[in-house]
Amino acid sequence: MPTDNNSVMVEMREVYKYFGQLKALDNVSLDVLDGEKLVLIGPSGSGKSTLLRSINQLEKIDHGHIIVDGIDISDPETDINKVREEIGMVFQSFNVFPHKTVLENINLAQVVVRKRSKKEAAEISRELLNKVGIIEKANEYPDKLSGGQQQRVAIARALAMKPKIMLFDEPTSALDPEMIGEVLDVMTKLAKEGITMIVVTHEMGFAREVADRVIFMDYGAIIEEGTPEHFFKNPIQERTKLFLNQIL
Amino acid sequence: MVEIKDKKEKKETPRPVIAVGDGAAIPSKEDVGLFTAWRFSFIGAIAIVAYLVIFSPDPYWRILKFLPDGILVTFQVTTASIVLDLIIGLFTGLGRISKNRILSGIASLYVEIIRGIPLLVQLFYIYFALGRIINVPAMASAIIAMAVCYGAYMGEIFRAGIESVSSGQMEAARSLGMTSSQAMRHVILPQAIKTILPPIGNEFVALLKDSSLVSILAVSDLLRRGREFAAESFNYFETYTMVALVYLIITLFLSKLISIMEDRVGANR
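Those protein sequences? They're chains A and B, same order as listed.
FYI, the working numbering numbers position 13 of the first sequence as 7, with every residue one higher than the one before it.
Basically the working numbering = 1-based index in the second sequence + 76.
Heads up, a few of these hints could be off.
With a straight-line cut-off of 30 Å between C-alpha atoms, the simulated DSBU-like cross-links for lysine-lysine are [said to hold, decoys possible]:
#1 A/Lys109 with A/Lys183
#2 A/Lys94 with B/Lys270
#3 A/Lys54 with A/Lys125
#4 A/Lys138 with B/Lys270
#5 A/Lys158 with A/Lys125
#6 B/Lys285 with A/Lys112
#7 A/Lys158 with A/Lys183
#8 B/Lys332 with B/Lys285
#9 A/Lys76 with B/Lys175
#10 A/Lys227 with A/Lys112
#11 A/Lys109 with B/Lys270
#12 B/Lys285 with B/Lys270
#13 A/Lys109 with B/Lys332
#14 A/Lys76 with A/Lys125
#15 A/Lys54 with B/Lys141
#16 A/Lys186 with A/Lys156
#17 B/Lys270 with A/Lys17
#18 B/Lys141 with B/Lys270
#19 B/Lys141 with A/Lys94
Calculated directly from the structure, the hints in this document are not laboratory data.
Please read these numbers as outputs of a predicted model, since none were measured by experiment.
Isolated chain A, as found in the complex (with noise of 0.2 Å):
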């Protein structure tokens, strides 16, 4: 649920974005309230993750405006790095670094970017990768994990870093059937805890359970929203009863 005072964690302003002639994101203003869950849907190509990244700019936007927790990240005097310190980031093809131990993969980024101590880094770790149940693993290297615990790794180091906003894209979807479950447990479990998510997922049951907002986007553009309720019982749009009947 939004906090008390319904800040506004992030701030789209008529952001624009191309990718040579295709328009991947067109015209997109959101507001994304302190403490809100927000579930993206959309076909493939819809501009979903292209949003969604772009929050962190990993994708730079061509027009517009992205304002993070304060700071209009659009400006080029923005330290970047500054601002992607408080937003996690968990990416369809887990990204862990398969040179780490799975202890050392939450560490690194506490210690080079947040400057904690060894210990008290691996203090941070142990914690929580006992939150995601993988404390068994600690020592492992990524190769040796099924890819639902190494998308819970994935996880626990995005947290490890007490991000502000927490972005997901497509979490699930690289996983086997089986392991979908236990990563969207872990997200369920995050959700209670206040903290600001945006996720990108097909997964509505989800949707359902946590998320506070669900937007459609179709063509790099945000076509219909309402909780999740409004698309599971009455969705508006053509294109949103065509998508949700092909994905339901």
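Using the hints, position chain B against chain A.
Just chain B now, kept in the frame of chain A:
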């Protein structure tokens, strides 16, 4: 010169790879033919040297006694060049992939120019150009010249190694707030090293052989020691037979050493 294949790509589509380096072929266990060829030539070369020295000590034993100083110099030139070469290679590789147009322009220009000029001409040029500006010992300028020449190739090895690491790794590191140099140092380069190591080994052997070119620059390496001996004794054929055999034994030995090292690196991840 060096082809680095993406590991995944290799697994999925076993496209034929033409891997022709200019170093001695590094034997691997799968390559049975080469493995035995390696044994045959290595043991054969040692046997011939032993035979010549024992049964015809004059001039062969005298030649062999004359060469070790040169072998030492050859190793000094090779080792110092490869160290300098690695540094130049790292920065050239980083420059080549840099988004900064000026940096990548300089690095690309360097690579293009070096690759377009024969090594021997470059050696002469750098040697005499350096001589005009500062007075450096022959050995030092030979080392610099070799490193500059080989740095261009090493730069390409580094570039290919860095590019072989999936782009998701960089994104993950950056999304955690790392600067691009922190990400390069802690995430990308440690992974690139594994891909880079075999071609570096190749380069080392190739550089050792090419170091014979510095014998024309008043550096008493293995080949030059041979020339000196031959010029005094007029035993040209015998001397160069010995020189060739010694080079062969050294490069074959190093190739083997490198392949053992690669196995180790592969084994402990």
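- Item | Proposed proximity, A/Lys112 with B/Lys285 (alpha carbon, max 30 Å) | It is violated: about 46 Å lies between the C-alpha atoms, which goes past 30 Å.
- Restraint check for A/Lys76 with A/Lys125, where alpha carbons must lie at most 30 Å apart: Status holds; Cα separation ~26 Å.
- Message: Please verify whether B/Lys270 and A/Lys17 have alpha carbons no more than 30 Å apart.
- Response: Violated. B/Lys270 to A/Lys17 sits at ~39 Å, over the 30 Å cutoff.
- Between B/Lys285 and B/Lys270, does the CA-CA distance stay at or below 30 Å? holds, 24 Å
- Query: Are B/Lys141 and A/Lys94 close enough, with their CA atoms no more than 30 Å apart?
  - Reply: violated, 50 Å
- Task: Mind checking the alpha carbons of A/Lys138 and B/Lys270 for me, to see if they're no more than 30 Å apart?
- Result: holds, 19 Å
- Query: Is A/Lys76 close enough to B/Lys175, meaning Cα to Cα at most 30 Å?
  - Reply: Holds, because 21 Å separates the two Cα atoms, which is no more than 30 Å.
- Message: For a C-alpha distance cap of 30 Å, please report whether A/Lys54 and B/Lys141 respect it.
- Response: violated, 67 Å
- Item | Hint consistency between A/Lys186 and A/Lys156 [alpha-carbon to alpha-carbon, up to 30 Å] | holds, 15 Å
- Message: Tell me if the straight-line CA distance from B/Lys332 to B/Lys285 falls inside 30 Å.
- Response: Within the cut-off at roughly 16 Å; holds.
- Agreement of A/Lys158 and A/Lys125 with the hint, judged by alpha carbon distance not exceeding 30 Å: With Cα atoms ~18 Å apart, A/Lys158 and A/Lys125 stay inside 30 Å; holds.
- Item | 30 Å Cα cutoff - pair A/Lys158, A/Lys183 | The hint holds at about 16 Å.
The structure shown violates the earlier hints numbered 3, 6, 10, 13, 15, 17, 18, 19.
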